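Visitor: Spelled out, the chains give:
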Amino acid sequence: MCLPLVYLGIVISDAPGTAWDALWRDRTARLAGRSLGLAAAVALSASAIAVAVAWLTTRTDLPGRRTWAVLAALPFVVPSYVGAYLFVSALGPGGVLVQMDWIYGFGGAWFVLTLFTYPLILLPVRAAMSRLDPALEEAARSMGRTPVDVFRTVLLPQLRPAIAGGALLAALYTLSDFGAVSILRFDSFTRVIYQSYKASFDRTGAAALAALLVLVMLVLFALEARLRRGRGSGRTSPGVARAATPVRLGRWTVPALLGCTTLVGVGLVIPVVTLAVWSTRAIAGEPEWSRILTGAGNSLLTGGLAAGAASLVALPIALLAARHPGRRTRVVEAMSSTGYVLPGLVVALAMVFVGIRVAPWAYQTLFIVVFALVVHFLPLALGSMRTALLQVPRSVEEAGRSCGRGPVSVWVTITAPLAIGGTLAGAALVFLTAVKDLPTLLLLAPTGFETLSTQIWSRTNVAAFEAGAIPALVLLAVSAPPLYLLVTKDR
Amino acid sequence: MRFRSPADDPTAGPGGTDDLDGPPCHAISCVGLSKRFGDIHAVRGLSLDVRRGEIVALLGPSGCGKTTMLRTLAGFEHPDDGRITIGGHLVTDATGEGRAVHVAPEGRRVGMVFQDYALFPHLDVRANVGYALGRRPDQARVDEVLQLVGLEEHGDRRPHELSGGQQQRVALARALAPSPAVVLLDEPFSNLDAALRVRVRGEVRRLLREAGVTALLVTHDQDEALSMADRVAVMHAGQLQQVGTPEEVYASPATRWVAEFLGEVDVFPGSADGAGTATSVLAALPCRPGLEGPVEILVRPESVHIDAVGTPRGARDALVVEREYYGHDQLVVLELDDGLKVRSRRPGYPAWHPGDRVKAWIDGPVTVLPRA
Amino acid sequence: MRFRSPADDPTAGPGGTDDLDGPPCHAISCVGLSKRFGDIHAVRGLSLDVRRGEIVALLGPSGCGKTTMLRTLAGFEHPDDGRITIGGHLVTDATGEGRAVHVAPEGRRVGMVFQDYALFPHLDVRANVGYALGRRPDQARVDEVLQLVGLEEHGDRRPHELSGGQQQRVALARALAPSPAVVLLDEPFSNLDAALRVRVRGEVRRLLREAGVTALLVTHDQDEALSMADRVAVMHAGQLQQVGTPEEVYASPATRWVAEFLGEVDVFPGSADGAGTATSVLAALPCRPGLEGPVEILVRPESVHIDAVGTPRGARDALVVEREYYGHDQLVVLELDDGLKVRSRRPGYPAWHPGDRVKAWIDGPVTVLPRA
Amino acid sequence: GGDDNNGLTVYSGRNEDLVGPLFERFEKESGVELNVRYADTAELASTLREEGEGSPADVFFGQDAGALGALEKEQLFAPLPPATLDGVPARYRSTGGTWVGTSARARVIGFDTRKVQEDAVPDSVFELVKPEYRGKVGWAPTNGSFQAFVTAMRKISGEDVAAKWLADMKANGAKAYDSNIVLRDAIAAGEVELGLLNHYYVLEAREADGADYPVGVHFVDGKDPGALVNVAGVGVLKSTDRSPDAQKLVDFLLAQESQQYFATETFEYPLAQGVPSPVGVPALDEIANPDVDLADLDDLAGTLALLEKAGVL
Ligand SMILES: Nc1ncnc2c1ncn2[C@@H]1O[C@H](COP(=O)(O)OP(=O)(O)OP(=O)(O)O)[C@@H](O)[C@H]1O
Ligand SMILES: Nc1ncnc2c1ncn2[C@@H]1O[C@H](COP(=O)(O)OP(=O)(O)OP(=O)(O)O)[C@@H](O)[C@H]1O
Ligand SMILES: [Mg+2]
Ligand SMILES: [Mg+2]
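For the protein sequence lines, the chains are A, B, C and D, in the order given.
Positions 1 to 491 (my numbering) are the ones given, in order, by the first sequence.
Positions 1 to 372 (my numbering) are the ones given, in order, by the second sequence.
Positions 1 to 372 (my numbering) are the ones given, in order, by the third sequence.
Positions 1 to 313 (my numbering) are the ones given, in order, by the fourth sequence.
What the hints contain is simulated information worked out from the structure, not anything from laboratory work.
Accuracy of the hints is not assured; some may be wrong.
To be verified - Pair by pair, the computed Cβ-Cβ distance ranges are:
1) G54/D x P407/A: 42 to 48 Å
2) T67/A x Q139/C: 37 to 43 Å
3) E97/B x L257/A: 29 to 35 Å
4) H89/B x L319/C: 41 to 47 Å
5) P407/A x Q139/C: 23 to 29 Å
6) P289/C x S271/B: 57 to 63 Å
7) E203/C x P407/A: 48 to 54 Å
8) E33/D x L312/A: 22 to 28 Å
9) R291/A x V161/D: 33 to 39 Å
10) R99/B x T67/A: 28 to 34 Å
11) D149/A x A305/D: 51 to 57 Å
12) S13/A x A167/D: 44 to 50 Å
13) E127/D x A225/A: 56 to 62 Å
Claimed, not checked - Taking beta-carbon pairs under 10 Å as the criterion, some of the chain A residues facing chain C (in silico):
14) A222
15) A225
16) S409
17) L418
18) I420
All of these numbers come straight from a predicted model, not from anything done at the bench.
All residues carry an ideal CB built from backbone N, CA and C; glycine is no exception.
Can you make the complete structure from the sequences, with help from the hints?
Guide: Now the structure itself:
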């Protein structure tokens, strides 16, 4: 899983001098700072939104909470470059709706990335929240604490692992994102990496910068570990938790609904409506439906395979992390997560480099595509799987063993069904991210293998963005059902 | 101790709980409470009044709806019907007459011990207890209640590092810490050993009394209900069977079910003559005059005396066939000469053994109820 | 019923449990078990043998290490020292001599009821019980054990729809379903009401006996230990204090601690003359000849008789100062004329009340131990 | 390429919509089957470099001279026969003889026809720093063509001039856009009045939107680096094991019919002799072309450093 790291090492060692120079440009430090700032800001705001939505949709009597949960998770399926473009055209200078100058630069990047990454936190936090024992909240309320206070003092501390995990993903996503920051003209670290490759064909400099990104990731990882430490030791009460009695929102129902409406309106309705409007124009130009359909099929195929494979690979690591936490486990986890912080292009090139040398028979086949996607998106599956496993009470597994079942059997019949919610959440995140992915598919897919994301790319690349509207809309459509299943699955 | 103001006579008049206003009579009053879970009718039209400063035990078999009842009082369950007043304030009205009322749990100012403890896993013992005391908990008070439950040395442990009984004691300490005017206790002593239970029970009782706290204690343990409570409400299948002082419910059970639930009892058919005597295979016994026709005679084992040589009139020959040893006492199963079986509870010493031939006679209260 | 083969005399020789081989004497044998959690020494060098078909109760106060001990036997905790043999097979060896042995829990063929039930939340009651019967559970057997615990009508419910006591009964049914040769029960009746507890206890006892099952029952309830077990192992702070039959541990406690833990006891200082008599402020009492010097005299309340008019020699005047009512009996606190306090347990009837003037005398076993 | 499938493998940095029809025609006419991988030019170039000897690709069809030059420098291209090279003017092909231009595009100043008359559009990019254009000019600093233009400016006018120009432009409030398309649309939307563009973006939009499309193109004067003409080109990879077929494809792209296709379909300048330029723009040899070797335009590292220093990137 740390193949990208190997690749970076080889490239840098080719010309360590150049690599060193690339790092010591004063711009490097500045951009690293800016990128980190953006990542932190996005992680914070996305956490806030995600936790609020998760609470509203799992613990209250908000009308239509299931539906809201699905709708609120949907913005994630909008590729950030599409989303950014949509916002620029909708809200930017000369925008269709309103004109907001801040859409360019930090403000815009923050806004757009928050909007398109908070589902990364929402999904695991929702899963974790619905598994928390509501008796604790009741106990707190019986002590005279208001729901808000209970939320702060009881729920939040227990959700910390899930939030920290999700926020880490959002931060890493932000660090590695290229599409949104380039469209929104925020000067970020990834932009420099891309430019090194694209403009100056400077792979060494790019590799050095990418390695720096990995370093930053390791720091964030340590930070997350600290947030997580000693928390969530699980339920200690005898018996099985009761189902939660929803908090009655009362006069807060309307504000809550308004909040959800705004969120979904901005994150989903604006993009979808804009895309729909553009699509109607594109439809007039007789689009090649069969091709789009094939693309959709291929997207489902790669996304599905990647999700399945990532879950399989994540499983042993998550088990290790949940059952034998410790320094060594953290290292394994961190190493298997390096792919996620790297820009897609770096991962893809690493796989090119390694693939053609180590497994030429698999080069530019679906196999290497799936492999690369797993390397790239593993942490998405890993994080929520680990959280889910952590919440399965030890004694329940022990009870299974005392019934004469071996560890594997107990795993299959007890642990897996109890952790399935979180596992599916992770798999869904991989699926949703994989179907948006571009460089891997462009460089590593079998020749002529088109997916919706490559179609969007190839259309928007030559013509105006509108041309990509139909595949983009179809992408949203194929991503929605798994998301729906996922959100409605957890009890 | 930081108690509000001690009530002199806890069962009479307004207690010292100065933050409760409204009619001075009842701290908790509920009328016609009903709660269903799907097609399970957990609580059926239950009415109960608890006076200021009184300790009432809600006693009933497993699954009879005790927890549901308590959770409804605390505001965690919305009843399907009925009305609840706490400290003179209407907190729940689901009767359908007038506007539905449901005061949130945190607005009821009621302490609660949960049957499953509901400790905060992310907080240590001190913080769990302190949590009930608000943002800046009075550490002296935390120490005080921890001492009460014998956990003064476990303050820094997290719940998962405690044994089951220790966890339960933390839950108890947490509920008592803020000295609420009303506490609801759901099986608060079930995981304590007898010695500790007796000590903690005694301490809790004293503490409730001193502070004039009104308590509703849910328990399935007859001993606990009878020894701790001022009154016992016996519950069965969602309904109250009898409410009364411990002596009343034990010695004068209203129904055979209550008699059987509160302790061992042997039942014999008989018939009453309407003039105050019931005759049965066992003996002729006094009963309420006016009772006539077929009756059931309920005899508790401790009313059956045995001795190696029977002196009293009416003593009968019996054979010891079984015996259960409880330390301080023993339960002896006797077979009378006509094959009838009856149990006798005797002090743990001297020991009786199967095969002993004895004399048995009745000396103590028996209950005579009309046969259905 | 589907039992392996009933053992005629459960305490002697090889039981009917034909899949256990090795030395016929002990079903469970552990030597020098120790387990630490950080700096908490939960179990300290504990050794215990349980014979085939025997029911042994592990009795001790909250937090004394009972659960830890049981979990170590079941294979869930790795002891820091000691050796465990189950059914003649060495399953754990942590003595450090020779190769460390640790047979996985599922390899020990031991049924277990967990103190926190550990029900499978995603399975209904039938499936929870059936789980213990393997992939294709025998539904008739599931029905049978559900009936045993009185849950035949709750088979389709999920655990979170059950009351606390109902959940506990599911846990019990699950452990008993496969008729294991050895069962470990961790407080299996703590959430059952007395009536149900007596019934379920009786049924479980009968069932264990019939199947010749060896049981180690962890409990904090003295009554339960004394009435259910063939032998009682009294545990304190990680160590065994005394192992013996119920009568032995109750009537002849090895230490003052055991005496106090097993029931109410009043302790008086005295001195023994070496010739078999101990004198104290209370009375002159017989004791083990050879005991000489300062002694402690332990008197259980049931050995103290009272009556309105005292006939026996040595009866003393006393005043009733307090009284706790337990239904079938009452605990009366007496103040003797010289201010000494002593308790007396009497049948629930006739009632004694504070203020009553009575005669009190000792009639029953007392324990005399040398004073430390 | 190194792979064993039947077709000729082409890495195309040029978009499928633009060149797909050409490839189809080639397959039909030559009977050679093509496997075309479409992706970003620079990403493909990077891929080729990572693949090295084992590359499955036979032909690389790139968007700009920079990428082609970089691959030539890495010695990944096989030499092309003189006959092929000679079909194209010397300045539009590799001096090392490993790649050849297939079509060209010119840098222009696009302008908003509703606000600016063509004769009011400056004839040199150096005029754009004047105060009267403050906040009215758009550029796309991350765009490859723009960066090639800056490289050319460095070569022609010197580092210092280029640096000063960049700084002045920035000080004059030049608005940065992310791509030429976005910039063109920004002009059409009235966000800026002038923009540094490639000629065909405007022709394309004009074709789609009709003659009243509000953006015009202005070719700047003579030796001005703003008049730079860049090329898309093709080279055959050393690693190919099908060089005859590869050669066939290169020749096909330079044939009359294909060149015509570039002029009419992609609005680019054909490079083979005797093929007319697209309508609406002056002929290629009429554009006063700055004197710069396209092969030098691969020194983007220097340009990037300059852009960074100026704070434009
Ligand atoms: N959430 C629920 N859904 C369905 N049925 C429920 C639910 N909660 C409780 N019940 C049922 O309602 C009845 C009363 O339950 P409750 O928990 O009040 O019993 P209890 O008297 O407290 O019993 P115990 O002494 O065993 O704790 C039981 O039959 C139980 O199975
Ligand atoms: N995981 C743990 N970490 C630290 N200490 C523990 C842990 N588990 C148990 N202990 C401590 O070990 C001691 C023995 O615990 P154990 O659970 O065996 O008690 P127990 O006898 O079963 O008590 P109870 O009757 O209250 O259930 C207690 O002091 C407890 O706090
Ligand atoms: Mg209950
Ligand atoms: Mg325990």
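Visitor: A separate judgement is required for each hint: does it hold in the structure or not?
Guide: Verification of the hints:
1. G54/D x P407/A: 42 to 48 Å: 44 Å, holds
2. T67/A x Q139/C: 37 to 43 Å: Given about 40 Å between the Cβ atoms, the range holds.
3. E97/B x L257/A: 29 to 35 Å: 31 Å Cβ-Cβ, so the 29 to 35 Å window holds.
4. H89/B x L319/C: 41 to 47 Å: 45 Å Cβ-Cβ, so the 41 to 47 Å window holds.
5. P407/A x Q139/C: 23 to 29 Å: Given a distance of about 27 Å, which is inside 23 to 29 Å, the answer is holds.
6. P289/C x S271/B: 57 to 63 Å: Given a distance of about 59 Å, which is inside 57 to 63 Å, the answer is holds.
7. E203/C x P407/A: 48 to 54 Å: 33 Å, violated
8. E33/D x L312/A: 22 to 28 Å: At roughly 37 Å between Cβ atoms, L312/A and E33/D fall outside 22 to 28 Å, so the hint is violated.
9. R291/A x V161/D: 33 to 39 Å: At roughly 49 Å between Cβ atoms, V161/D and R291/A fall outside 33 to 39 Å, so the hint is violated.
10. R99/B x T67/A: 28 to 34 Å: 30 Å, holds
11. D149/A x A305/D: 51 to 57 Å: Cβ of D149/A to Cβ of A305/D: about 56 Å, so the range 51 to 57 Å holds.
12. S13/A x A167/D: 44 to 50 Å: 37 Å, violated
13. E127/D x A225/A: 56 to 62 Å: 58 Å, holds
14. A222: Nearest chain C Cβ about 25 Å off; hint violated.
15. A225: This interface hint is violated because 21 Å lies over the 10 Å limit.
16. S409: Since the shortest Cβ distance to chain C is 8 Å, the answer is holds.
17. L418: Since chain C brings a Cβ to about 6 Å from L418/A, closer than 10 Å, the hint holds.
18. I420: Hint holds; I420/A Cβ to chain C Cβ min 9 Å, cut 10 Å.
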